Amino acid sequence: MNALVQLVAVTKRYADAPALHPTNLSIERGKTTVLIGPSGCGKSTLLRIIIRLIAPDSGTIDFDGSQITAANIDILRHRIGYVIQEGGLFPHLTARANILLMARHLEKSDEEMRTRLSELCELTRFPENLLARYPLELSGGQRQRVSLMRALMLSPELLLLDEPLGALDPLVRASLQKDLKEIFARLRQTTLLVTHDLAEAAYFGDEIVLMNEGRVVQQGSIIDLRERPANPFVSEFINAQRSLAVL
Amino acid sequence: MKRIRKAGKEEIQPLFRRFRIVFHFCAVLPFLIFTCSLFCAQPVLIGSKKFTESYVLGEIAKRTLNEAGIPAEHRQGMGGTIILWEALRGGQIDIYLEYTGTIAQEILKTERQLSVQEIRDALTKTGVGMTEPLGFNNTYALVMRRNEAQRLGIRTIGDLRKHPELKIGLTHEFLDRRDGWRPLRQRYSLPQLNIIGIDHALGYAALANGSIDVKDAYSTDAKIAENDLVSLVDDFDFFPKYDAVFLFRTSLRDDAIAGLHGLAGTLDEARMIRLNAEAERTKNYTTAANLYFQNAVGSTVTTGESFWQKLARWTLRHLELAGFSLLLSVMTGIPLGIVASRGGATGNMILGFAGVMQTVPSLALLALLVPLPFFGISVRTAITALFLYGLLPIVRNTASGLQDIPRSLRESAIALGLAPAARLWRIYLPMASRSILSGIKTSAVINIGTATLAALIGAGGYGEPILSGLNLNDHVTILEGAIPAALLALVVQWSFDLLDRILIPKGLRL
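Chains A and B, in that order, give the protein sequences.
Position 160 of the first sequence, counting from 1, maps to 160 under this note's numbering, and the rest follow consecutively.
Position 429 of the second sequence, counting from 1, maps to 429 under this note's numbering, and the rest follow consecutively.
FYI, nobody ran anything at the bench for these hints, they're computed from the structure.
Please read these numbers as outputs of a predicted model, since none were measured by experiment.
One thing to keep in mind: the hints can contain errors.
A few chain B residues that don't get close to chain A, going by computed Cβ distances all over 10 Å [what the hints assert, rightly or not]:
#1 Gly153
#2 Thr477
#3 Leu510
Computed Cβ-Cβ distance ranges for the label pairs, DEER-style [as the list claims (entries may be wrong)]:
#4 B:Asp497 with A:Gly40: 45 to 53 Å
#5 A:Asp169 with B:Arg501: 48 to 56 Å
#6 B:Phe353 with A:Asp16: 29 to 37 Å
#7 B:Met349 with A:Ser235: 20 to 28 Å
#8 B:Ser495 with A:Asp16: 46 to 54 Å
#9 B:Gly352 with A:Gly40: 32 to 40 Å
#10 B:Asp497 with A:Glu128: 31 to 39 Å
Computed footprint of chain B on chain A; a stretch qualifies when at least three of its residues, placed anywhere within it, have a C-beta under 8 Å from a C-beta of chain B [claimed, not checked]:
#11 133-141
#12 210-217
For every residue, glycine included, the Cβ atom is placed at its ideal position computed from N, Cα and C.
Excised from the complex, chain A in its bound form:
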């Protein structure tokens, strides 16, 4: 088995409606898997269930061969990086303190932390002299780079990205997309990325998982989705985004 994460029959219901019907999904090691679909399709719910910000109603999630439970999740979270749309940086801590927060908590050595921090700055093209700044003193793109560094600090096996580029203007977004793709390739990073943008999914995704109304509709490469749509919704979704691109 080459899957790092394996979801089996995972469901989630909110008070009024099911958010996730029984869903299976495997995330392959070293690949970038993209969850895509319209708003409210359950893609974010799925990602948040993996890091257990939401507890599933039923089903199992295995991480590296062992099942994720409420008891072991805090340890497993150290092996998972998590980046959200607005960065989720703590405003009372400098960029450096945000990045080193967990490493310090786990009492890593100064030497180790300094080396890792330089590596990350180089990797994410973040100027080291900005590390002393507070989040409010950084631009949106810089904040996302810091957030990425924080997620990568402990060299996680899995990286979860929830619309990481959603709040950025197009130019910044394009440059960060390019950098991100390079980073994933260099690190051979297992990544799960949530987006609603098909172009972004196509750009990053080794494997694309299209969701709608709480179900996985089709899983495969962008070519599979475009040329062998599983049902009319798939073609409709792809065509809608393509026609946008033509405009």
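Assemble the complex: chain A is given as a structure, and chain B must be docked to it using the hints.
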């Protein structure tokens, strides 16, 4: 650990440490104060009621004991009869001045005129001793402006029947006493309906400017002569004899009891009126008390404390009251606020409780605590009332500060794998620090103001001059307490603004 400290050049560790220092300090302080209070000698505590004569006699008792080498403190103007009696029985004070008529009517609850010996026997059963009468009878009287009384032809209380239009202003104590207004009205069949309750000293001012026509008075009040008033003759002998005596706990040290007995028979009515007049003229009870010693034994005059000494004493006590209660509010309020921020039934209950505490008028809160066993007339009661009063701003601001942290940041902290305690200390509390500190600031400023009421139960502070100023109807004395209290509130406000800069992380102040 060593590694962490070294790595702590950034703000996480120092911030954590800063909070930790504050908390350690908070934890240790009560023990320090407790230990100190154990080792300090306990002085004899003298209480007094809220009127001039009681203050002056309290000062006389204090100086008598001091001259006999016995440390004594005077808790001025603690309230009315019941409060002082309960305080004496509960051991919160050791001595206070009372009148035989009041003892019979209000304490022993009998309608009969009792002899001094009968009263003494009854009191002994409750562990309270009594001196022989000091020498003057300070009975109740109804007084009027002399010219008004002459114009209307009123000489006796019975004459009031012919003038139902007269406005009567009475002290709250007189309105409720068993030998007070209601039985008096019945006995004399008085027709007046226009009765208002008014403070004793303010009542004299109201009488002078014509807002009221008749008021209750003590027959030794200096104001009677000073304001050209006339006491109405008690033609039915309604008012019992009110011989002044000192009551004391029988467990009091023997030399102190002997000292009090020495005061018996040394003060006649004329002399007491002179001392009262002196107190009202000089606005200084100590000076008036000194007059007693000058004439009696010709001993050297002590001028009492200077203004600055008094100010220092008031300030220290005020800070003690406000500071200690604030400390309790912070230590209790922040944890309660953390629990309340999680919402649910418990959270609502906590916010509800703190809210209700603040809607109870502070004066009523004090009065409600006094009869409870552990509290009584004490600094403890004042601090507890202030503590309860200051709880709401801290609980509410802690809860709302924590609730205002965006969900995305809470989730980021969770997703990083920080344990719950570390999330609270390193992320949530620092992020809510601005709101929490502003709650503490509100609570502190409220406490400084409300602490002036503590003087009502003899706890001292800036309320002491405010109360005696009210009693003397003297604005200067009131300002001696009111101005420092206002200044202190400002200083506290500024100190907190300064503290904001130290405790609120820089990243939140951008």
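Checked hints:
no.	hint	verdict
1	Gly153	81 Å, holds
2	Thr477	49 Å, holds
3	Leu510	5 Å, violated
4	B:Asp497 with A:Gly40: 45 to 53 Å	47 Å, holds
5	A:Asp169 with B:Arg501: 48 to 56 Å	35 Å, violated
6	B:Phe353 with A:Asp16: 29 to 37 Å	34 Å, holds
7	B:Met349 with A:Ser235: 20 to 28 Å	56 Å, violated
8	B:Ser495 with A:Asp16: 46 to 54 Å	52 Å, holds
9	B:Gly352 with A:Gly40: 32 to 40 Å	37 Å, holds
10	B:Asp497 with A:Glu128: 31 to 39 Å	35 Å, holds
11	133-141	holds (count 4)
12	210-217	violated (count 0)
Checked against the numbered hints given earlier, the structure breaks hints 3, 5, 7 and 12 and satisfies all the rest.
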